[in-house]
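Each protein sequence line maps, in turn, to chains V and A. Taking my numbering, the leading residue of the first sequence gets 1, the next gets one more, and so forth. Taking my numbering, the leading residue of the second sequence gets 1, the next gets one more, and so forth.
Just so you know, the hints here were simulated from the structure itself, not pulled from any lab data. None of these values were measured; they are calculated from a predicted model. Misleading hints may appear alongside valid ones.
Claimed, not checked - Computed footprint of chain A on chain V; a stretch qualifies when at least three of its residues, placed anywhere within it, have a C-beta under 8 Å from a C-beta of chain A:
1) 127–136
2) 336–343
3) 375–386
Think of the CB as a built atom: it goes at the ideal place given N, C-alpha and C, for glycine as much as any other residue.
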Amino acid sequence: MRPLLAASLVATSALLCLEGTASAQFSFGSYGRVNAASDLRGGSGRQANIIAYGSRLDLPSYAEIQLERRDSYGSTYGEGIRTNIVFTLGIAAPLFHETGKFEAQTAVRNLYADVTGIFHKSFTAWVGSRMYRGDDIYLLNWWPLDNLNMVGGGVKLALDTSAPDATTVAIAVGLGRSSDPFSYQVQPSLRPTGLGTADVIVLDRPRVVVSERLQHIQKLDGPAGVKVVLYAEQHAMSRGVRTNEAGLKEELPAENGSMIGAQIGFFTGKRDTFVNLFFRYATGIAAYGDKTLPSALSLDKNTNGAHEALAAISSNVEVGPLGVLVGAYVRGFRDASGNPNSRSTFNEGTFTIRPQLWIGEHVGISGEWSYQSYSTAGVNDAGQPDRAKVNRFAFIPFLTPSGRGSFARPQLSLVYVYTARDGGAKALYPSDDRFARRSGEHYLGLGAEWWFNSSYR
Amino acid sequence: MPALLNRLRLLLRPLALCLAVTPLAGTACVDTSPAPKYQPGNHVAEWKDEVIYQVLVDRFANGDRSNDFRVNPTAPARYHGGDWRGLADKLDYIQALGVTTLWISPIVRNVETDAGIDSYHGYWTQDPFLLNPHFGNLEDLRDLTRRAHERGMKVILDIVTNHMGQMFFYDINMNGRPDESVEGGIKTKGDKTVHLTEYDPDYETPFVQSFTSLGNAGPAPIIFFDSPTLNRMPPLSPEAAFLGTKEAYHRRGRVVNYDAPPDGDEQTMFGDFPGGLKDLATEHPEVRKVMHQAYARWIALADFDGFRIDTVKHVEHDFWREWGSNIRKSAKALGKDKFLLFGEAFDGRDKLVGSYTFNDELDGLFDFPQYFQVFRDVFIGGGATTKIEARWKERATNWSSTPPAGGVGVPPVDLHVNFLDNHDVGRFLWAADYYGKRKDGPQVLRNALTFLLMEDGIPCIYYGTEQEFAGGNDPANREDMWTAPKPYSTSGATFQHIARLTKIRRAIPAIRRGKLAFTWTTDHVADEEDAGIVAFERSSTEAGGLSYALVVVNTNAAHPSSTSSGTTNMKVSAPAGTDLVDVLAPTGGATVKVAGDGTVKVSVPPGGAVVLAPAGTKI
């Protein structure tokens, strides 16, 4: 369930009347965060998580600009056939004011159109390139159940027409093709005529992903309700041939994978109070995520045998001037090597809690404790198990002009984080890395975060 | 109520463990629980019982693709992907051969590559406290030794203390960078021409000299490489930090003259090993300390049963005495009171090889003199078999007959490690063709194997011999096992022959532990009646009761020969009237009877052999 966010207000919109349409809206949205920090030792503040999805406090700066055009072909806006065209541009650090160079990284995060109401008033079809996500764990900046990045299309149907959001079924299919040599390779080849070479695509095997999502929201008394999601994915890649780093032709067998998952949540409908539980189990290529280059392949050079299991929780409770955010997960991943001692077979997890106290409507103080653990099936060269633990403690005074609320944005904050890492955590870093030598880490910084009309959350 | 609570607690425990990110159950979770506490101990009863199988890990079996870094199986001198897990997965195959001890190639972190050649062999140490990730991780290595021990097999680790990999260069022209050649690459020094490459310059005393256009400028500074991508840098482990200092090295350049006095031995001792492998100052207490700590640690961490020690003749005797003693003490502290130290002195001079068996230095050495004098000269070259008997007499003179203090309890003269070939010489079949121009290679090989496995000492079989690999010198002799015509097949003639021989060894204690006495050798190599015959008895009372075998080998490929010359027949120690049956033949072996005068005449087909044991001996 998406928390009800005050920040979902349309920031900029205009009602337009265009030829051939009954009415139209244009909206501008944005997500953004900017962090500037010191390690109090003369260096920059730097992310110190040891797991895949750790505390978001020290994430690098990032922003999205979302432009959206909404047209309605009925007599009244929102009735009849409706279309949305969405364009989201993501911009990642470095920032110009950090380096003085025009070198920000950009990516098109959304570029799609959808239409609702052609076959049925609750039937939506979309085509394009998009983030395809469910609910997140805000503290961990993570979408634990469904988080696809796909170029393709999909449909969604609300089964209960009297309550369009009560029960929905969604199916999507998309392609994704990384530019790594597991998926794609270009090589020079002799031209058919004359001299010289032309670049030839010798490996091109996009991953086809199909996802199915069934969601039901059962209203309880008042605004409260229960949300249940069943979710599945199927992944497939064709076989291919590539030239490996030794210059040898190498057969890559076809890849397959699947994932099943579920989510159950409860929400009060008041002040963004909710709890969500997530479960997910994935096999084969799906166990690596949709964009990760698979590693530790099997002796057959594929991902057969890899699997991942996870359970996660996300919640927010707000009562009076108090609020508590929680995010936690445990995740086990077994690589495809079949080696029970593999150091890329691991368990990881975290428990992160952020209590908050608002002093008045616009000022607050929060703290955060994050415990993180990472362990592999192997041992290091001294015979010690690969076991790493980190405790992170944060103190965060903040300003929220839009009022109280864990998700009230924009938010301006002062962030201090102390990270305590054990010997195992230090051993995760190369010996020349300062994190490999230091048990304690400071992070003192300023942060700003906002979102409105953005698909980011 | 407490019972109910307990039941509930048990039910919830797996979930609690999951939440604590400790072992997760079943397929949904991953078991990363701590490995059971490792308990090294002694696994050896008697080293004379063992048959060693030498494995170049990179070339044996690939059991885990996740460690296939920079693998190129088409280039003989690059990494090919073999690993400890692959080897462990093939123990059935190895055990079917009847061998009892694995000798695995070095395990430690190496300089990755140099001059287009990789460190797949493991002899280019960069950090002796870290593992070479190409072969797996420590738990993979432990799995290998654990699974071998569970089968009653032992594991010997190959180690190098003489030198390190190409970790630094001599900055001869002091320009701060490594130059392939300095001043054109050649310098005349007296009547010698010296090659000047800053990677691997020729030997100079007291140090490789730097020079400029104005002349010599003193010892050339050495500069350690700093190439993490090639692992070409000083050791990372704090315990090995001294190996990142100039004091740890002799800094005299490469050996160019191994044996010409007066300075030949000095070069062998103090010069870099060819290929830019930097010679350690093994006389330095800190170097000795590092080498003791590093390798004692691997015994404890991975439960090895012995060390095969590389380049022994390039290190001073005192090192072996002190280091050997310290290693034995460390092993004994782990309960390993039969920890084997045997070395490689690649030299045909028996006096030199045997010299490392005195003063409590090593338990045994490879019998390189035998390799040259017996297998090369007689079996391949068709020389007189009296050379074989001479070899035994020579060894008895030059090798110690006193067990080293704290050693494995066997006199080194009885602990010669015998081999037909290894990773440093062309394979036997190649040598048979190249040196002997033999057209009957596989038969000669099997005949030599009969001698190898029936003689005294510890036989050592190089991997792939059983598959009749025939590669020439390094790296052609380091074939991938998986490229054999029938990979890992146990049905080949040579495989079956070795399996039969090891079975005979197991069945007849005299062949493992008994004394060897020659009963017939000859100078005849042509048409004579006994041309090419070598015969010896193995007898022992060690295992309770007399154990006896008579081995007769015909090294002559041209005609059948017998243990007789005119009216003289071979005299044996078996009692008159004893029926001796050929147990080498799997079924229906020929029988001969010891005559009343204690003689026996045994005829052997060309290039064949018989192993005669008293009738009724069960194989």
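Evaluated hints:
Under a criterion of three residues with beta carbons nearer than 8 Å to beta carbons of chain A, the stated coverage of the stretch 127–136 of chain V fails, only 0 such residues being counted. Counting residues of the stretch 336–343 of chain V whose beta carbon lies closer than 8 Å to any beta carbon of chain A gives 7, which reaches the threshold of three, so the coverage claim holds. With 11 residues having a Cβ less than 8 Å from any Cβ of chain A, the stretch 375–386 of chain V passes the three-residue criterion, so the hint holds.
In the structure shown, a violation is registered for the earlier hint numbered 1 alone.
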